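Undergrad: Sequence:
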Amino acid sequence: VSAVSALSTSSCGSRESVAVGAGEVRRRLADATAAPPPNAFRHDPADPSATALKESWESKYARMRSSSPYGALSGWRLLGCIVKVGDDLRQEMLAAQLLRRLQTAWSAERVPLKLRPYEILCLDKECGLIQPVLNSVSLHQIKKQSGASLRAWLELEHGPPTSEGFLRAQNNFVESAAAYALTSYLLQLKDRHNGNILLDSTGHIIHIDFGFIFSISPKNLGFESSPFKLTQEFVEVMDGENSDMFQYFKILILRGLIAARKHCDQIIHVVELMRMGGQLACLRSSSAVSSFRARFHVGRTEPQLQALVDKLVRDALHSLSTRLYDNYQYYTNGIL
Numbered sequence: 001v002s003a004v005s006a007l008s009t010s011s012c013g014s015r016e017s018v019a020v021g022a023g024e025v026r027r028r029l030a031d032a033t034a035a036p037p038p039n040a041f042r043h044d045p046a047d048p049s050a051t052a053l054k055e056s057w058e059s060k061y062a063r064m065r066s067s068s069p070y071g072a073l074s075g076w077r078l079l080g081c082i083v084k085v086g087d088d089l090r091q092e093m094l095a096a097q098l099l100r101r102l103q104t105a106w107s108a109e110r111v112p113l114k115l116r117p118y119e120i121l122c123l124d125k126e127c128g129l130i131q132p133v134l135n136s137v138s139l140h141q142i143k144k145q146s147g148a149s150l151r152a153w154l155e156l157e158h159g160p161p162t163s164e165g166f167l168r169a170q171n172n173f174v175e176s177a178a179a180y181a182l183t184s185y186l187l188q189l190k191d192r193h194n195g196n197i198l199l200d201s202t203g204h205i206i207h208i209d210f211g212f213i214f215s216i217s218p219k220n221l222g223f224e225s226s227p228f229k230l231t232q233e234f235v236e237v238m239d240g241e242n243s244d245m246f247q248y249f250k251i252l253i254l255r256g257l258i259a260a261r262k263h264c265d266q267i268i269h270v271v272e273l274m275r276m277g278g279q280l281a282c283l284r285s286s287s288a289v290s291s292f293r294a295r296f297h298v299g300r301t302e303p304q305l306q307a308l309v310d311k312l313v314r315d316a317l318h319s320l321s322t323r324l325y326d327n328y329q330y331y332t333n334g335i336l
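First residue of the sequence shown: 1, per the working numbering; consecutive thereafter.
Worth flagging that the hints you see were computed from the coordinates, not collected in a lab.
Being a predicted model, the structure only gives us computed values, none of them experimental.
In this text, a Cβ means the ideal position worked out from N, Cα and C, and glycines have one as well.
Mixed in with the good hints, there may be bad ones.
[As the list claims (entries may be wrong)] When the alpha-carbon atoms are kept at most 25 Å apart in a straight line, the in silico DMTMM-like pairs for lysine to aspartate or glutamate are as follows: (1) K219 x D209; (2) K262 x D310; (3) K311 x E241; (4) K219 x D88; (5) K311 x D191; (6) K144 x D200; (7) K144 x E233.
[Stated by the list, open to error] Label pairs and their calculated CB-CB ranges: (8) G277 x T162: 50 to 58 Å; (9) S287 x N333: 27 to 35 Å; (10) S59 x T162: 22 to 30 Å; (11) S149 x M276: 45 to 53 Å; (12) L123 x T162: 45 to 53 Å; (13) K311 x R65: 47 to 55 Å; (14) S56 x E119: 16 to 24 Å; (15) W57 x L121: 14 to 22 Å; (16) T301 x S149: 36 to 44 Å; (17) V270 x G222: 20 to 28 Å; (18) N242 x S287: 37 to 45 Å.
Whole structure, please, built from the sequences with the hints as guidance.
TA: In C-alpha cells form, the structure reads like this:
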C-alpha cells in the first residue's frame, strides 16, 4: 500500500488517467453490443435454487406476469422473500444496520466501496422474512454448475480480459470485495464458506448470512482466525498480487478504514444501543463493544494504517484456517 498511497486521493485509482483512442472505444462498444447471453444453469434436483437464481429477475418477472391470470392488471407486482426459521434474525438486522451505516460513511467520503445490505423483517425470536439478493448466485453454485474458476466464470459471463464488459465486472468485483473484506474485519464476520458469498450479474461480490459476528462463531470454536476471506481465486480475478488492481484493492481498504473511523461514533452507537437490551448472543461478551471500537484504530496515523492494511491482506491471503474451513464445509456439507 505504501508504494501507491499517493493514489488514494483518487476515487478510482490509476485507471482513470489512461487515454483510450477512438478505435479502442469502437472496439469496446462492439464487444458490449455483441456480448453473449448469460449462461444458464442446468437443473439440479439436489440444488433446484441454482437454476431459479441464475435467471435474471427481469426475465422471471416477465415470465411470471405473462402466465398469471392477473398479469394484465396495472397493480400486478412480484416480490421475492426468503422465509427463515431457527436463527435469531435480530443479529442479522443489527448487521444490516451496520452495513448501511458503513455504506453511508463511504458515500459521504466518496470512497467507491460497494456493499449490498438487504431488508430483514423479524416475525418472532427465531423466524422472519429476508429480502433475496436478486440476479446473483453463490460461489458454490458457480463452481458446482460450471466447474470453472472464478476468473474463468467472469470471462465466460462478461467476455475476454480486454473487453469492456470484463473490465467493468473486474472493477465491480474489486470494489465490492474490498468493501466486504473491511466489513468482515470490523464486524469479525464468521462462517464465510462459498455458500454464503454471492456474485451478481455485474461482478459484485455480496456476503449473506450474518449469524456469526463479533464474539460468536460456529459451535463457538473460534476456528476462523483470518481477518477476512481472501483466496487465491479472488486474487486471480484481480490479475495477481503484483497487479494494479490488487494495489487498488488494498488502497480501497485503507481509504475505507480512514473514512469509517471518521464516522465510527455513529456506527458504534448502534451496537451500544443493541447491547443495552442484553439479549443478543453476539454482544454478551463484556469486551464486544470495546473490541469493536478498537478495530477502527482511531489513534493510528495513516502510515500506521497502511502497514496494518498490508498485514491484514497478507494474513488473510495466507490464512490456513480459511483453507481448512473451506475443506471442512466441503466434506461435511458438500460446499465447494
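Undergrad: Hints first: check each against the structure and report whether it holds.
TA: We went through each hint and held it up to the structure:
1. Using a Cα cut-off of 25 Å, the hinted pair K219 and D209 holds, with the two alpha carbons roughly 16 Å apart.
2. Taking the CA atoms of K262 and D310, the gap is near 21 Å; set against the 25 Å cutoff, the hint holds.
3. Among the hinted pairs, K311 with E241 is consistent with the structure: their alpha-carbon atoms are about 14 Å apart, no more than 25 Å.
4. Taking the CA atoms of K219 and D88, the gap is near 15 Å; set against the 25 Å cutoff, the hint holds.
5. With a C-alpha separation of about 22 Å, the suggested pair K311 and D191 falls inside the 25 Å cut-off, and the hint holds.
6. Taken as a hint, the K144 and D200 pair is honoured in the structure, with Cα atoms around 16 Å apart against an allowance of 25 Å.
7. Under the criterion of a C-alpha separation no larger than 25 Å, the hint pairing K144 with E233 is consistent with the structure, at around 15 Å.
8. Hint check: G277 to T162, Cβ distance near 53 Å, so the stated range 50 to 58 Å holds.
9. For S287 and N333, the Cβ-Cβ distance of about 31 Å falls inside the hinted range of 27 to 35 Å, so the restraint holds.
10. For S59 and T162, the Cβ-Cβ distance of about 29 Å falls inside the hinted range of 22 to 30 Å, so the restraint holds.
11. Distance hint check for S149 and M276: the Cβ-Cβ separation is about 46 Å, which falls inside the suggested range of 45 to 53 Å.
12. Between L123 and T162 the beta carbon distance is about 49 Å. The supplied range of 45 to 53 Å therefore holds.
13. For the hinted restraint 47 to 55 Å between K311 and R65, the CB-CB distance of approximately 52 Å keeps it satisfied.
14. Range check, S56 to E119: Cβ separation about 20 Å, and the 16 to 24 Å hint holds.
15. Between W57 and L121 the Cβ separation comes to about 20 Å, which falls inside the hinted range of 14 to 22 Å.
16. For T301 and S149, the Cβ-Cβ distance of about 39 Å falls inside the hinted range of 36 to 44 Å, so the restraint holds.
17. A hinted range of 20 to 28 Å holds for the C-beta pair V270 and G222, which are about 24 Å apart.
18. Checking the proposed 37 to 45 Å range against N242 and S287 shows it holds: the Cβ atoms sit about 39 Å from each other.
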